[in-house]
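**Q** One-letter residues, chain by chain:
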Amino acid sequence: MKQQRITFQNVDDLPNVVVSLGTMEWNHTGSWRYLRPRHENKVPACSNACPAGNDIEGFIRLIGENRFAEAWLKLKEENPLTRTCGRVCFHPCEAGCNRAHFDMPVSINALERFAGEHADRNLLAKTARPASGKQVAVIGSGPAGLTAAFYLARLGHGVTVFEAMAEPGGVLRYGIPAHRLPRAVLDDEIADIASMGVTFRCGVRLGSGGDLSYAELVGYDAVFVAIGAHESRRLGLPGEDAKGVMSGLHLLRLVAAGTRPRLGTRVAVIGGGNTACDAARVLLRLGTRVGLYYRRSRAEMPAFKDEIDEAIREGVELHELCAPVAISTNATGAVTAIRLIRMKLGEPDDSGRRQPHPIPGSELEVPVDTVVAAIGELADPGALPPGVEVTGDGSVRVDDLGRASVEAVFSGGDVTPGPRTVVDAIAAGKRAAVAVDLYLAGAEKAEAAKVMRVGLGGGISMSQYLERSLAHERYGDSEHVVTFDELNTAYFESQPRHRLKRLTVESRLSGFAEVNAGLTDREALVEAARCFHCGVCTECDNCYVFCPDVAVRPLGEGKGYEIDYDYCKGCGICVAECPRASMSLAGEEA
Amino acid sequence: MMTRFREEEELMTSGHLACQGCGGPIAMRLALKALGEDTICVIPACCWTIISGPFPYSALKVPIMHTAFETAGAAASGVRAALDIQGRSHTKVLAWAGDGGTFDIGLQSLSGAAERNDDIIYICYDNEAYMNTGVQRSSATPDRAWTTTTPSGHPKRGPKKNIVEIMAAHKTPYVATASVAYPEDLMRKVRRAAETRGTTFVHVLSPCPPGWRIDSEASIRIARLATDSKVFPIYEVENGEKYQINVKPRDIPVAEYLKAQGRFNHLAAEDIAEIQRKIDHEWRRLMQKAMMDSYSGSHY
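In order, the protein sequence lines correspond to chains E and H. The first sequence: position 185 = 602 (the numbering used here), numbered continuously. The second sequence: position 26 = 52 (the numbering used here), numbered continuously.
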C-alpha cells in the first residue's frame, strides 16, 4: 500500500511539534515526465554481421560465467558446425565488433572454437521436436547440406543425406586442408549430426550418369540440393591438357583422400582465391617450391587476408599482376614451363575491383614441373534435378528462403549464387530447413520471416523460429543495430585482444598439423570479459544505482528491472548511463 | 554490479521534490544506504529543505532536523551531545548542507565543530550556487561561471573556495571529495567517515541541471567529466596530512567539460586556456601533496 496524503480534520489532529507523519510517496512525480525510459534489448553489431545470425553476445556471456558446454549449445542453436566455423570462418562478426573502435575487436572466432572444445553431445538430443513422419532427401554433405540435415532432424523430419564421395563433409573434407580443419574435428561435428537421427548414404552420386537419378528418389516429401561447386574453370590456354596440369580442387581432393601425387619440385599455382591459397599451402607441405600467380594485385585477391598472410609466411612466393598465356611442354607431353605476361591495373569492373590489362612485350617464362589452376569453380550441371532453373553460370536460381523453381525442391550453398563461404552455406542450410519445414506444414512464410530475422544483415535465428514468439527472445522485435556511438564507454577499460598462437613455420611444413592453437580456459575468460554485450542488458545495475527517484528496481537475478512510472520523472540518467545501449528513451504520448 | 547495493536498505523514498536529473537525491540515497537507519540528519536551508517535502511529510526514513542556514555544524554538535547524554553514542549524526550553507553562511559553525572535533559526519553536496532560490553565486561557484547574480557580461571572477583545504587545515581526522559519478567510492567514503571518530567531512560534487544549464540526463556524465578533466579530483585526506587520490582522471581537456554546460557558454578561447592552466597547476600541487610523507606523530 503506497503512502496516501494526510489530512487533518481539526486542530486537535495536528501534532504538537512540527514533525513528519508520512513519506512523500503520495506524490506521483511521474506526472512531470515528458520522456519515458524503458529497458529494450537491441541487436549487437556482431550478430548483425554474421550471415548465420549467431547469438554471439549470448555464448560469450556463458563462457564468461564458466558455463562452457552451455555456450557451445547456444552456438549450436544457430550453427551446427561450431568447431568448424571456430577454425575456418572468415569471421565478419569481428569486422562488425564495436570494440574495434575502442581498442581491438573481441576474438570471437577463437572463443567460438573454444566453446566447441567443450561440446557435450548429450545436451543435443533434448532439443529435437517430435517426429513429423515426413522424409527429406539432402543431396550433398558440405556445410549447407549438413546444416539443413541437422535442423530438419531437429524439426522432427526424417533426413537422408546422399554424398557422392566416400565420406561426408564435402568441401570441408575434400577442399579445406587438414592444417586448417583437422579431420577428427570434422568427424566429431558430423557425429553430432548423425546423433540427431540423420542417415548418411555415401558414395551415391545423384543425377544423370550418377548412381541414382532424381526420379528414383521416391518416398521423400522434399529435396534439398547442396552439391556445391566442384567443377574447375578451365584456363583456356594452349597446353592446358598437358601431363602435369591439374585443378586446385583436384589436388586438394587427392591429398585429402591420402594420395600424394607426383609433382616435381617447382609448382605454379594460378589464381587468387581461397582454393589457390589452400592448394599453395598444401603444396609446400608436399615439399615443392610454390609460386602463386595472380593477375591483379594482392589487395584484389578474393582469398581471406589471413590465408594470404600465412601462405606468404610459410614460403609461398606471391607474384602479383601476372597472368598465364601458355603452358610449354616437352616431347612426352609433360609440362616444362609456364609463359606469363605482366599486367597493370585499369578502371574498376562490375565487381568493383580494378580490371587488369596486359603490358605488351612483358612476357616471361618460368620453368615448372606442375601447373595448378584455381581460377574459380562451377556447379556440375549433370548433378542437378531435371527442370530447375539456373543462372548464367549454371547456379541454381532460388528465392530468399532457398526455394528452387521446381515444387518441393530447395537449394543452397555454393551451387546457388552469392558469396561462397562456409558460413554463408550454413546460413543457406538453415534458411532452407525453415523453408522445407514451412512447406511440409503448408504454412506461409511471411510471419515466420518476421519472427526469425536477426537485425538487418539477413541472418536468421533458428531458436526464434522454434519458439514462434518474439517475447523474451534475444532482442525482442528490435531491428536497431547498436553502433559504437551509442555505447557509454566510461564503463569499459582498455584490454588487449588475445594474440592467436600458431605453430612455427618449420613444424607446420613437416605435415598437416593444425596451424592455429586454441584458447586456454583462462585466456577464454579474459577474452570473454572484453565483450561489451552491445544492446543486451547484463544487469550491471547502473540504471538502478543512479536513479534519483528510486524508480528503477531490480526484479531478482536474471529477471531484469521494472520502472515505476508513478515516480519516474523521465530525467533519462538511466538511459545515458547504460553502458551498452540496452535502454531507450522516447517521448510520452500526449 | 555494486556489491551489496541491492541488499542495503533504501532510506530515501520516491515522490520527493528534486528536479529531474538532480544530483542531490542521488548523493543522499547513496550516503544513507552507506550509513543505515541509525542516523539523524541535520539539514540547514538548502535545496534538500525543499526536496524532502513539506509538513507533515518527509522523503527520508530517518529523522531530519531542519535548522537555520548558518547552523548545521552547531546543531549537529548539539544533537551529538544530546545523544551522548542519552547513551546513544552509536547513533550517527549527519549534517547535510549545500555549498551555500557550507562554504558561505555556515562556515563558522562548521569550523567550530571541526575545531572541537565533535563526532559528526558533515556532507556538503555542492551544486556550485544557491540553486533553489534561483541560481545565485556562492563562494563555491567556479571561476567565470554564469549565475543570475554574475550574468554572462559580468561572470564570476576568482577561484572557487577550496573547502577541502580549509577542512584539512583544521587537522580534521578525515576529509574527502566524492562525486555522484562514482557511487562505490562515495559510499566507501561515507562508511569510512562514519567509522572515524571526530568530525569528518565529505565534499560531494552534485550537478544541478537547471543551474548548470545541462540536460537532466547529463548529470552523471558531467560529474564524470569534472573528474576526468581534473576540475574536481577525487581524493581523501587523513588528519590533514596524508593525501590519497582515489580516481585516476582520463586526462580530458577542460574545454570538453566547460563546453558541455550552458553556464560556461560565454567563455572565450583565452578564458578556457587560462582555466586549463589553473587546473593543471592545482593538479600538480595535489600530486605533490599526495607524494609527501605525513607527520608520524599524533595531532591530538
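Treat the hints loosely; a few may be bogus.
Said to hold, decoys possible - Okay, the calculated bits of chain E under chain H, using three or more residues with CB under 8 Å as the criterion:
| # | region |
| --- | --- |
| 1 | 918-932 |
| 2 | 986-999 |
To be verified - Derived CB-CB ranges, DEER-like:
| # | chain 1 | residue 1 | chain 2 | residue 2 | range |
| --- | --- | --- | --- | --- | --- |
| 3 | H | 221 | E | 911 | 53 to 61 Å |
| 4 | E | 973 | H | 82 | 45 to 53 Å |
| 5 | E | 911 | H | 304 | 25 to 33 Å |
Said to hold, decoys possible - Using 20 Å as the maximum straight-line C-alpha spacing, the simulated EDC-like pairs for lysine to aspartate or glutamate come out as follows:
| # | chain 1 | residue 1 | chain 2 | residue 2 |
| --- | --- | --- | --- | --- |
| 6 | H | 186 | H | 300 |
| 7 | H | 274 | E | 910 |
| 8 | E | 976 | H | 33 |
| 9 | E | 660 | E | 648 |
| 10 | E | 976 | E | 1006 |
| 11 | H | 197 | H | 241 |
Note that these hints are calculated values from the structure, not bench results. Here the structure is a predicted model, which means the values were calculated and not measured. For each residue, glycine too, the CB sits at the ideal point set by N, CA and C.
**Q** Against each hint, give a clear statement of whether it holds in the structure.
**A** Hint by hint, here is what the structure shows:
For the region 918-932 of chain E, the stated coverage by chain H is not satisfied: 0 residues place a CB nearer than 8 Å to a CB of that chain, which falls below the threshold of 3. Here the region 986-999 of chain E counts 8 residues with a CB under 8 Å from a CB of chain H, which clears the bar of 3, and the coverage holds. Under the hint 53 to 61 Å, the C-beta atoms of residue 221 of chain H and residue 911 of chain E, about 34 Å apart, miss the expected range. About 35 Å separates the C-beta atoms of residue 973 of chain E and residue 82 of chain H, a value inconsistent with the hinted range of 45 to 53 Å.
For the pair residue 911 of chain E and residue 304 of chain H, the supplied restraint of 25 to 33 Å holds, since their beta-carbon distance comes to about 29 Å. Of the supplied pair hints, the one linking residue 186 of chain H and residue 300 of chain H holds, its CA atoms being roughly 14 Å apart against a limit of 20 Å. Note on residue 274 of chain H and residue 910 of chain E: the hinted pairing holds, with a Cα-Cα distance of about 12 Å set against a maximum of 20 Å. At roughly 16 Å between alpha-carbon atoms, residue 976 of chain E and residue 33 of chain H fall within 20 Å of each other, so this suggested pair holds.
The suggested pairing of residue 660 of chain E with residue 648 of chain E holds, with an alpha-carbon distance near 19 Å, which does not exceed 20 Å. At most 20 Å may separate the alpha-carbon atoms for a hinted pair to count; residue 976 of chain E and residue 1006 of chain E exceed this at roughly 27 Å. Restraint check: the Cα-Cα separation between residue 197 of chain H and residue 241 of chain H comes to about 39 Å, which exceeds 20 Å; the hinted pair is violated.
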